[in-house]
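Participant: Read off the chains here:
Number of protein chains: 2
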Amino acid sequence: MANDQQVADDQELDSLDALVSLCKRRGYIFQSSEIYGGLNGFWDYGPLGVELKNNVFDFWWDAVVRQREDVVGYDASIIMHPKVWEASGHLGNFYDMMVDCTECKRRYRTDHLMRDLGISELPKECPNCGGELSEPREFGLMFETFVGATKDSQSVAYLRPETAQAIFVNFRNVQMSTRMKVPFGIAQRGKAFRNEVTPRNFTFRSREFEQMEMEFFVHESEERQWFDYWREARMQWYLGLGIREERLRFREHDADELAHYARYTTDVEYQFPFGWQELEGICNRGSFDLSMHNKHSGKDQAYFDEARQEKYVPSVVEISAGLDRTVLTVLVDAFAVEQINGEERTVLRLAPHIAPRQVAVFPLSKKLGEQARKLADELQRRFNVLYDEQGSIGKRYRREDEVGTPFCVTFDFNSLDDGRATVRDRDTMEQERVALDALAEYLADKLAPR
Amino acid sequence: MANDQQVADDQELDSLDALVSLCKRRGYIFQSSEIYGGLNGFWDYGPLGVELKNNVFDFWWDAVVRQREDVVGYDASIIMHPKVWEASGHLGNFYDMMVDCTECKRRYRTDHLMRDLGISELPKECPNCGGELSEPREFGLMFETFVGATKDSQSVAYLRPETAQAIFVNFRNVQMSTRMKVPFGIAQRGKAFRNEVTPRNFTFRSREFEQMEMEFFVHESEERQWFDYWREARMQWYLGLGIREERLRFREHDADELAHYARYTTDVEYQFPFGWQELEGICNRGSFDLSMHNKHSGKDQAYFDEARQEKYVPSVVEISAGLDRTVLTVLVDAFAVEQINGEERTVLRLAPHIAPRQVAVFPLSKKLGEQARKLADELQRRFNVLYDEQGSIGKRYRREDEVGTPFCVTFDFNSLDDGRATVRDRDTMEQERVALDALAEYLADKLAPR
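Chains D and Y, in that order, are what the protein sequence lines are.
Residue numbers in the first sequence follow this note's numbering, run continuously in steps of one, and reach 460 at the last position.
Residue numbers in the second sequence follow this note's numbering, run continuously in steps of one, and reach 460 at the last position.
These aren't lab readings, by the way, just hints derived from the structure by calculation.
Certain hints may be false.
Because identical chains share one entry, a pair is satisfied inside a single copy or across any pair of copies.
35 Å max Cα-Cα, derived DSBU-like pairs, lysine-lysine [stated by the list, open to error]:
no., residue 1, residue 2
1, Lys201, Lys191
2, Lys377, Lys321
3, Lys305, Lys34
4, Lys191, Lys134
5, Lys115, Lys305
6, Lys93, Lys305
7, Lys456, Lys384
8, Lys405, Lys377
9, Lys93, Lys456
10, Lys377, Lys191
11, Lys34, Lys309
12, Lys161, Lys305
13, Lys93, Lys376
14, Lys191, Lys161
15, Lys34, Lys321
16, Lys34, Lys115
17, Lys376, Lys321
18, Lys201, Lys309
19, Lys305, Lys191
20, Lys134, Lys321
21, Lys93, Lys34
Next comes chain D alone, as it looks inside the complex:
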């Protein structure tokens, strides 16, 4: 990977430094293969990160699949038949233009370079060192591999660059096996891979990432109504994650930036320290994808609509979100460093229902360890619980604030008499005495989605 490491850093990362450091120190996110020097554009989720990521995903699956009668799930293989990518247009169209500096060896995506410099023509000189820039060339974004015993054009295959195509090629299988009627959707979570020219901004633009996509199949006459419906539903979902409203916005794509398959697209954007960036695209893809697969596979993708007495290839309204991006967003949005009575406090104000650790249980003194541990064990059946008896209560609170634990429960000497424990709220830092036998319900209520 030596030839690729030189583009690892980016000055935009600086403003994320404190969060990146916390993520590593406390087990949210690590660089992939760190003991071997890392791998540019690849990240791992540590013990707290994997729980946060799964909580965010569960919240999505619940809203988009579980609670709906008109959406079903799917989980496709990452490697698909290469003809899928021929039909989708990825084999012909999915590349970025890049230039290299012949002096300092920095690599740039030409579109990003022009955008960052605010110019409309490609510069000749490197903005970093003034060196000469190479001629622009294509940088294919799909990772290639070979399936079977030979390595040739017959055996080439690709790591999927998006999960959506797996849904399109299985539209008929799913529709027929479930007897779903249009309008209905198919949703999927899964890994996707793009050989990005310049991975950057922590997990925001990486080479291996997870998508949460749902393709909603509709009659052409209902494209706009469903597009508007999902646009609104998706914004509400981000608000339901506890993300600040003022840092979220819609952005409509201009005609000249639309993808080849798109009739119109709206992005949900978040205001990161490195600027407004896309979290999700809501896109009217029309019947482009099903029609292309119809043509390339020779398999009829048309659907007979009994209510309309009409046979047609459905249109698609797509909602396409990045799971890693959403996790990064809730971390960025939750991260704060405060001054409390002259002391610094780092806190992750994660919405309680997605916090990876929900409750911490402390004995005030190690002498109360037995009782406090029993309480922790009971709560463990319903919540993600840490039992901790190391250090002063103040220090234990700070450690939990830093990882975003919404509630700390302290068992003290009075608890032996009054059967109550002190529950401390991460955000208000207020404390409340709660009866031990009412504690689980109390916490369940506070930890439920709002």
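Starting from the structure of chain D, add chain Y where the hints point.
Facilitator: Same frame as chain D, now just chain Y:
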């Protein structure tokens, strides 16, 4: 893929035919990219399959991570630094020997061929057509790709053939960020890839699959005790999935079949229609992996044990299960075709707590649709529910039996008067009248793990 399709079929598949057909017809499992002729060794999970797979995984995560204080989770990138595979021994050792028939083009793994023929020397003739077999050659099992703008030895990378190595290379990061003390474990679910010579037996041996692995780090003196502990715990877990005890067994590896990293290994095996096969390996890997990564990375992998006042590289007891294999096992084990009063009934006797659809709600007549739908909507908040008003009640029961729905609830005209509905049990086919306001609790109790 043309050169690879000819080995797609296997006579052993025959005995799975009825299940494979059900899986496709009802949306459990599809061939990948089916409209393009499929891709040998790759499978997709349909709407019911993805729910079943996630339920099995959740049951694992709950048992191995959530309910334990001594195991934490992890989620690593699939593509890691290539040095990981140098250190682990995969780059040098991870291949199978294969031969091709020069006549019928069939491909065989040499070890499978000798085992199936019950001979100890490689035959010269193809058992299928009598044609001449080629000289044996190595078949590398890792999928290769290239990261970055060039394709050369500097940029080569691999799709991981197992998830375990990601845990080993992050042992120190996880231990330090969580302050866990040995003995403790790190668990992970994730995709792995092996370019198998002969994928076969439906999803049993595929080229892309999901593993559930947990590496438990222990002091060398406690290897055997923890090995025995996990061996027993894992068998209990399979029984908790409702799998028939008489189709499960342990099998100790003989000394001559042990992997290069293993001190000793026990497999959990299941009696499939195609024979006893491995579901999971429980393995004492000693300190092989951490020591190799210590050596290759130059990063100290030793741990200071405060209780023992001793610094050492921990030993590892591994539990390595296949998620796809477990899903296949519960399907095979649950699948039955019965004669009921002269009629044939196909039923999936899935344990209720992993069934993808938990409850179906039927109105006896479409006239009761409004009330029955309201009931379905209420139950939907807690369970995976289907509302169905198409066809006779008998037909609706049969459809649900076939996909394994444990409970069907019928709202009839009496329900309007007595506020009760009929709950029908999939396995006993017995029916019980249950009060509507007690229905959710009744079902929750029946659907809980035993």
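Participant: Hints first: check each against the structure and report whether it holds.
Facilitator: Against the structure, the hints:
| no. | hint | in the structure |
| --- | --- | --- |
| 1 | Lys201 / Lys191 | both (28 Å within a copy, 32 Å between copies) |
| 2 | Lys377 / Lys321 | between (74 Å within a copy, 29 Å between copies) |
| 3 | Lys305 / Lys34 | between (48 Å within a copy, 24 Å between copies) |
| 4 | Lys191 / Lys134 | neither (55 Å within a copy, 56 Å between copies) |
| 5 | Lys115 / Lys305 | between (44 Å within a copy, 32 Å between copies) |
| 6 | Lys93 / Lys305 | within (11 Å within a copy, 44 Å between copies) |
| 7 | Lys456 / Lys384 | both (22 Å within a copy, 28 Å between copies) |
| 8 | Lys405 / Lys377 | within (18 Å within a copy, 64 Å between copies) |
| 9 | Lys93 / Lys456 | neither (50 Å within a copy, 46 Å between copies) |
| 10 | Lys377 / Lys191 | between (63 Å within a copy, 21 Å between copies) |
| 11 | Lys34 / Lys309 | between (49 Å within a copy, 17 Å between copies) |
| 12 | Lys161 / Lys305 | both (28 Å within a copy, 33 Å between copies) |
| 13 | Lys93 / Lys376 | neither (64 Å within a copy, 45 Å between copies) |
| 14 | Lys191 / Lys161 | neither (43 Å within a copy, 46 Å between copies) |
| 15 | Lys34 / Lys321 | between (54 Å within a copy, 24 Å between copies) |
| 16 | Lys34 / Lys115 | within (29 Å within a copy, 52 Å between copies) |
| 17 | Lys376 / Lys321 | between (72 Å within a copy, 27 Å between copies) |
| 18 | Lys201 / Lys309 | both (27 Å within a copy, 30 Å between copies) |
| 19 | Lys305 / Lys191 | within (23 Å within a copy, 59 Å between copies) |
| 20 | Lys134 / Lys321 | neither (55 Å within a copy, 57 Å between copies) |
| 21 | Lys93 / Lys34 | between (40 Å within a copy, 22 Å between copies) |
Checked against the numbered hints above, the structure violates hints 4, 9, 13, 14, 20; every other hint is satisfied.
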